[in-house]
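Trainee: Residues per chain, in single letters:
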Amino acid sequence: MKKGGFLVFIGLLAFLGLVFYQPLFSVLRRGLTEGGRWSLSPLATILTDSYFVHIIVFSLKQAAFSTLLSLGIGLPGAYLLTRYSFPGKSAIRSLTVVPFVLPAVVVALGFILFFGESGWLNQWLMSVFHLPSPPLHILYSLTGIVLAHAFYNAPIVMRLVNASWEGIDPEIDEAAASLGAGGLRRFVGITIPLLTPALLSSAALVFIFSFLSFPIVLALGGARYATIEVGIYTLIRTLLDYKLGSALILVETALSLSLTYVYLKAEGGFATLTQGSRRVATYPLFSRKASMCKMVIAAYIIIAAVFFLGPISSVLVDSLLVRGQWSVESYRQIFSLGYNPFLGVSPLRTVLNSLFIGGISTAISLPVGILIAMFAVRSHLPGRRLLEAILMAPLAVSSVAIGFAVLYGLGGAPLHLSGTLIAIALAHAILTYPFVVRVIRPVLEGLDQSLVEAARSLGASPTRAFFEVILPLIGPGILVAAVFGFALSIGEMSATIMLMRPGLGTMPIAVYSLLSARQFGAASAMGMILVVVAGIAFVVIDRLGKRGVGCRTLW
Amino acid sequence: MSDLVVKGLAKSFGDVRALREISFTLGRGEFLTLLGPSGCGKTTTLRLIAGFERPDAGEITLDGRSIVNDPPEDRQLGFVFQTYALFPHMNVAKNIAYGARLNRSISTKRRVGELLDLVDLKGFERRKPAELSSGQRQRIALARALAPQPRLLLLDEPLSALDAKLRESLRAQIRHIQQELALSTLYVTHDQEEALSLADRIAVMRSGKIEQIATPQQVYEHPQTEFVASFVGRANRFSGTVTATKDGLISVKVGEFLFSLIREEGLSDDLRASQLTPGDHVSLFVKEERLQLTEMRENAISAQVALVEYRGETSIVYLKTQIGSLRARVSTKQTTTLSTGSEVKVSFSPSAGLLFLAP
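Residue numbers (my numbering), protein chains in the order written: chain C, 18 to 572; chain A, 1077 to 1435.
If we strip away everything but chain C, and leave its shape as in the complex, we get (with noise of 0.2 Å):
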């Protein structure tokens, strides 16, 4: 490394030192203090207490339900997204991306006003089957909390696998079968194999999401249902217990870090698969023939269709409908400077906030992500590989603990942000740059070294060469990030509702407050701009992706 370059790379550590590491450190170690003193009293609470593990093994045990359902739903998808051929196919390659960029309180809001006791699915039902009461009773329980992680993280589950699917030459499989293996032979003793890798590092990862997960427990889990996080969260805000809540933060950190590494060994598999000249042979799904393998496909399709479609549609339907007639009188209440009682903010003002808050955080978070990134390609120090993990371990910290990190390692002095858009800010901003890094890293990893050298050798100087050939090269690539970014930070709302104070609500926190206050037309008028949002970004991702971009980078 230059030794410019080289002092970029000490100021970025020092960056993310004074606004990550230290402020997290000091939270760890708050876990372990007593009365200012070093001590496991805090810890031995935590683990003896039934409460605290009560919510532990719980945490554990809808997160392991909520990766099998995934898994459930997500791998008959990828088997027929990988073996047949249908209209419409890369669009729903693609649109499995959207659940990632969708923000998590608006899943929360679909899911009730769908799934609810008086939600479209029951209404539906009781009238078609003439039902006196709601047949379904879904929310506010461990299946409700389930269901919902399921919505996000099947599409991840159908993607990374039938990727992998796809990777598997398949002369592979020929081979096998000219040696005389039939097909479920070659299913059992050659595909899962092969499959295993992309099988494990999906469910570590799933399990990771639903394990952190905040919103949609904190949403559909009620007072009965809490998670570590949503105990953090109650800890903290509610009962003022740093030092509890520090010490549940510090268990939560130290299992979220051994599922990460658990990961990271799943996803290191990946690698050794054979990437074929062909593709596997697919079969057009829709044709004159019909079968029971057809139909038992029909079924899943119109299932998925339901439950993927079903909370979505409700949102909209809903942000359109105003006491049983369409209006736009939601979006005008979203809109309007006027103060609301539910927000204790004008609803534009959380519009403005989120704006604010998304524009800095990214502007912090694509420059971090875009160094990372060139030191995690170019950079030849040893202990480079260890250096990357800690520089990448946002990823493996609860955002609720992030946002409590910068409340209580930066709200004080010197900085004094406690109380600021900025604070909130800078927690998205360490959410996020992991991403950025996921997304710029393979773009220059893509990069011709030549390129470079080519322009040199032309005469041009190492700006030049930058500003002619590097940047219009992985422009692209950075727009996608900074997307990204932007729109994980529009819809974050775990890290924000830690450093949340009277006037600095954002959006997501609008639609947490208005379902909460059962107020669901402004609710989902508030969360179809999220959608919007979520739109763009996934249009954006989506249409620049294409070009050396791969959306399996980005998780």
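Mixed in with the good hints, there may be bad ones.
With a straight-line cut-off of 25 Å between C-alpha atoms, the simulated SDA-like cross-links for lysine to any residue are [claimed, not checked]:
1. A:Lys1329 with A:Gln1293
2. A:Lys1204 with C:Leu403
3. A:Lys1170 with C:Phe42
4. A:Lys1204 with C:Leu490
5. A:Lys1185 with C:Ala271
6. A:Lys1204 with C:Ile487
7. A:Lys1421 with A:Pro1435
8. A:Lys1204 with C:Arg481
9. A:Lys1241 with A:Arg1282
10. A:Lys1204 with C:Gly463
11. C:Lys282 with C:Ala271
12. C:Lys106 with C:Asp559
13. A:Lys1329 with A:Lys1185
14. A:Lys1083 with A:Arg1104
15. C:Lys282 with C:Thr208
16. C:Lys260 with C:Arg241
17. A:Lys1204 with C:Thr62
18. A:Lys1204 with C:Pro459
19. A:Lys1170 with C:Arg241
20. A:Lys1170 with C:Pro489
21. A:Lys1170 with C:Gly463
22. C:Lys78 with C:Thr62
Keep in mind that the hints were calculated from the coordinates and are not lab data.
Place chain A on chain C using the hints.
Mentor: Only chain A this time, still in chain C's reference frame:
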């Protein structure tokens, strides 16, 4: 155009010593090829001259001035990459114009036209690199490197990604352009046929050192080291012992056979200077095309045909003998009567053997 002097170049990457000591000169308008197996340091040498890497030690001067501390953009050298490295976001004209534009003294537009003419690709101005065949890409890469009127042209295995036919025609085109422009050229390849057919001189490299630097004919016919003898061309190798040296002839015993060689032809410069004495262990090389299936008085062995491989005008005959397997390349006419298992006599002239002291 320019005189390049390279002296004592050394370069390590971590623990790997890529270059130990590289010295050579390149005369004005000369075409020098660096030939060697992969990992011998030939590309590293080229990259050091271009300025993409810094040498650990050594000196590089061009026209009497040291360029070793200049950044690549100030060296005015044309570089053609193995992967072509065309700028994917620029069309052909912009790619070629890139270097010419940075050099203010050149009229860019006219230069692009001239170069497209030179490489026979008129009318391709607006194409993007992705819309070109690999042979066309290669020619555009050459045109781009030539556009700023470089003092020296450096080519790093420019033909290795192409198929055999195309390789041959582009080879001729490169040589033609180089001679027309009288451009000093350094060409890296691992393909000996390419090196032999293109170069004024060849530097054969091995493990970061130059083994021999000479004309293609000298390298082929009078290799100075055992490595060059085995790397250039295809030779049969025997281990033997010197039994006598007199009257300009050397006798070498291989197994039970006694071969005689002409001293003037069979020894490297170093070996001729020193004294070869009876009892010395030696390696004997005989090129495959120097083995004959017609019986001669000298150096004849009986052999059994193991396989005849038809190669058009010539054929390769694999032979089993008491001193091991041999490979002979003979005119196909001579092989009509041969079949697997035939008994033949194989021999070589005393001027065909090359001797090296066994290490």
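Trainee: Give a verdict on every hint.
Mentor: Results for each hint:
1. A:Lys1329 with A:Gln1293: With a Cα-Cα distance of about 29 Å, the restraint between Lys1329 of chain A and Gln1293 of chain A is violated, given a limit of 25 Å.
2. A:Lys1204 with C:Leu403: Cα-Cα ~41 Å, so violated.
3. A:Lys1170 with C:Phe42: The hint is violated at about 53 Å.
4. A:Lys1204 with C:Leu490: holds (14 Å)
5. A:Lys1185 with C:Ala271: Violated. Lys1185 of chain A to Ala271 of chain C sits at ~64 Å, over the 25 Å cutoff.
6. A:Lys1204 with C:Ile487: holds (17 Å)
7. A:Lys1421 with A:Pro1435: It is violated: about 31 Å lies between the C-alpha atoms, which goes past 25 Å.
8. A:Lys1204 with C:Arg481: Distance of about 21 Å is within 25 Å: holds.
9. A:Lys1241 with A:Arg1282: It is violated: about 28 Å lies between the C-alpha atoms, which goes past 25 Å.
10. A:Lys1204 with C:Gly463: holds (18 Å)
11. C:Lys282 with C:Ala271: Holds: Lys282 of chain C and Ala271 of chain C sit about 17 Å apart, inside 25 Å.
12. C:Lys106 with C:Asp559: holds (14 Å)
13. A:Lys1329 with A:Lys1185: violated (69 Å)
14. A:Lys1083 with A:Arg1104: holds (17 Å)
15. C:Lys282 with C:Thr208: Holds. Lys282 of chain C to Thr208 of chain C sits at ~20 Å (cutoff 25 Å).
16. C:Lys260 with C:Arg241: holds (23 Å)
17. A:Lys1204 with C:Thr62: Between Lys1204 of chain A and Thr62 of chain C the Cα gap is close to 67 Å, so the pair fails against 25 Å, i.e. violated.
18. A:Lys1204 with C:Pro459: Cα-Cα ~23 Å, so holds.
19. A:Lys1170 with C:Arg241: violated (67 Å)
20. A:Lys1170 with C:Pro489: Holds: Lys1170 of chain A and Pro489 of chain C sit about 14 Å apart, inside 25 Å.
21. A:Lys1170 with C:Gly463: Holds - the C-alpha atoms of Gly463 of chain C and Lys1170 of chain A are around 22 Å apart, at most 25 Å.
22. C:Lys78 with C:Thr62: holds (21 Å)
Violated hints, listed in ascending order, are 1, 2, 3, 5, 7, 9, 13, 17, 19; each of the other numbered hints is respected by the structure.
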